[in-house]
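Q: Everything in the sequence shown is counted per the numbering used here, starting at 81 for the first residue and increasing by one.
Note that these hints are calculated values from the structure, not bench results. Hints should not be assumed to be uniformly reliable.
Unchecked claim - Taking lysine-lysine pairs in the DSS-like style, the calculated list, with each CA pair at most 30 Å apart, reads:
(1) K281 - K361
(2) K308 - K426
(3) K481 - K244
(4) K233 - K244
(5) K459 - K496
(6) K426 - K447
(7) K500 - K511
(8) K380 - K264
(9) K267 - K380
(10) K263 - K447
(11) K260 - K380
(12) K381 - K263
(13) K499 - K511
(14) K244 - K499
(15) K308 - K264
(16) K244 - K308
(17) K233 - K216
(18) K496 - K308
(19) K361 - K263
(20) K264 - K361
(21) K459 - K500
(22) K244 - K459
(23) K260 - K233
(24) K263 - K281
(25) K358 - K281
(26) K383 - K263
(27) K459 - K263
(28) K381 - K447
(29) K499 - K447
(30) K459 - K264
(31) K496 - K481
(32) K244 - K511
(33) K267 - K381
Being a predicted model, the structure only gives us computed values, none of them experimental.
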Amino acid sequence: MRRFARVTLLFLGCGVCSLLYGVRQLALSLEQEAGGARQRQARDSAAPDGGRQAGSAGRGEEGAGRCKNLSVSFWNSYWMLPSDVCGVNCFWEAAFRYSYMKTQPSETMHLAVVACGERLEETITMLRSAIIFSIKPLQFHIFAEDQLHESFKDILGDFPYEGKVNYTLYPITFPSEGAKEWKKLFKPCASQRLFLPLILKDVDSLLYVDTDILFLRPVDDIWSFLRKFNSTQIAAMAPEHEEPRIGWYNRFARHPYYGATGINSGVMLMNMTRIRRKYFKNDMTTVRLRWGELLMPLLKKYKLNITWGDQDLLNIMFFHNPESLYIFPCQWNYRPDHCIYGSNCKEAEEEGIFILHGNRGVYHDDKQPTFRAVYEAIKNYSFGDDLVRSLLQPLELELQKTVHTYCGRVYEVFMKQLKKSVRDLSVRRSKGS
Numbered sequence: 081m082r083r084f085a086r087v088t089l090l091f092l093g094c095g096v097c098s099l100l101y102g103v104r105q106l107a108l109s110l111e112q113e114a115g116g117a118r119q120r121q122a123r124d125s126a127a128p129d130g131g132r133q134a135g136s137a138g139r140g141e142e143g144a145g146r147c148k149n150l151s152v153s154f155w156n157s158y159w160m161l162p163s164d165v166c167g168v169n170c171f172w173e174a175a176f177r178y179s180y181m182k183t184q185p186s187e188t189m190h191l192a193v194v195a196c197g198e199r200l201e202e203t204i205t206m207l208r209s210a211i212i213f214s215i216k217p218l219q220f221h222i223f224a225e226d227q228l229h230e231s232f233k234d235i236l237g238d239f240p241y242e243g244k245v246n247y248t249l250y251p252i253t254f255p256s257e258g259a260k261e262w263k264k265l266f267k268p269c270a271s272q273r274l275f276l277p278l279i280l281k282d283v284d285s286l287l288y289v290d291t292d293i294l295f296l297r298p299v300d301d302i303w304s305f306l307r308k309f310n311s312t313q314i315a316a317m318a319p320e321h322e323e324p325r326i327g328w329y330n331r332f333a334r335h336p337y338y339g340a341t342g343i344n345s346g347v348m349l350m351n352m353t354r355i356r357r358k359y360f361k362n363d364m365t366t367v368r369l370r371w372g373e374l375l376m377p378l379l380k381k382y383k384l385n386i387t388w389g390d391q392d393l394l395n396i397m398f399f400h401n402p403e404s405l406y407i408f409p410c411q412w413n414y415r416p417d418h419c420i421y422g423s424n425c426k427e428a429e430e431e432g433i434f435i436l437h438g439n440r441g442v443y444h445d446d447k448q449p450t451f452r453a454v455y456e457a458i459k460n461y462s463f464g465d466d467l468v469r470s471l472l473q474p475l476e477l478e479l480q481k482t483v484h485t486y487c488g489r490v491y492e493v494f495m496k497q498l499k500k501s502v503r504d505l506s507v508r509r510s511k512g513s
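Please model the entire structure based on the sequences and the hints provided.
A: What follows is the structure, given as structure tokens:
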């Protein structure tokens, strides 16, 4: 009984305190309203020709500053600003912060390429294709032999970047241990890509491409795959083959490889922060190794069994860590193998080719004139020229001359996405974006 009485008294005391607090707040609000009315009346009487309009403008200017300020001191007890502070209804602080984030500067996309030997022209043509259609700013990381640096500077210096492109030139560098072996692995300098996460320590994410890549749609679109990674995925690549009957890895490889037909590393999207942090399963020790610890032991174990150099090493890595790889469709890495034995990339047939990969030197001989025609069209296009008259129309005429080849029979897949990219770019330009 005594406990009940004590609880009752406690509740009564709380109720009285709440009542007193409410009365005090009401008195304060009435006092502030009266003071505000007197101030408005004084401003209105002092303002010539319609003091009400002048007063409204004054409140709008004053309120605008208060709306932009995230200080809690401007908010009332219901977390809402009075409508006359901004001249409009102001919503919660969280809503304003969301709007603020939407106006932040565009994310910069990082693209890396490695150029050695006679790859200058190919690399420049690839960079041109990236610039033509992309939306967000681009940062190029160009790893090249020293004798190519001046040529890159001269050519890139004449590009009309329009403020959206920057580039950095790097020398070719390998770890002192095994440097000679790394440099001659597969093709000159090709294995440099394996060390990008260790060299570009401040870059969070990166798109690596071979020099013989051509973008037929904005880089932004492949960059968006980063948002599709789950919590375990660190990189994205396309399969080496769609059709196992013509696959290389499943028929000839003497080492582990990813999936049914292996992966092609000519287009490789990387979350490099995750790569640097990950401990990789492997077949050399029961202890998981980090990226930098894994590369040399892999080379020593498999160097007599690999044919395609660094790509084979990546296949071995992701064979043991399949949960870490995101696979994107073949249209993002379309190669001659997708059409020289008959069309075997269904996604490209439906939507067109997004990224063209002219491996086997097809841009520079007459074996695959369809690939060469696209390369020549982009190489010869001048920035600022009309894309329809200077790129699409001449290209389509050249592609129609290739219908005697297997790839030429499906030349429409080479044009489909390119036409859409030109239309989309025209729309963006008309809107001034």
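Q: Which hints from the list above does the structure break, by number from lowest to highest?
A: Violated hints (numbers, rising): 3, 15, 28; every other hint is consistent with the structure.
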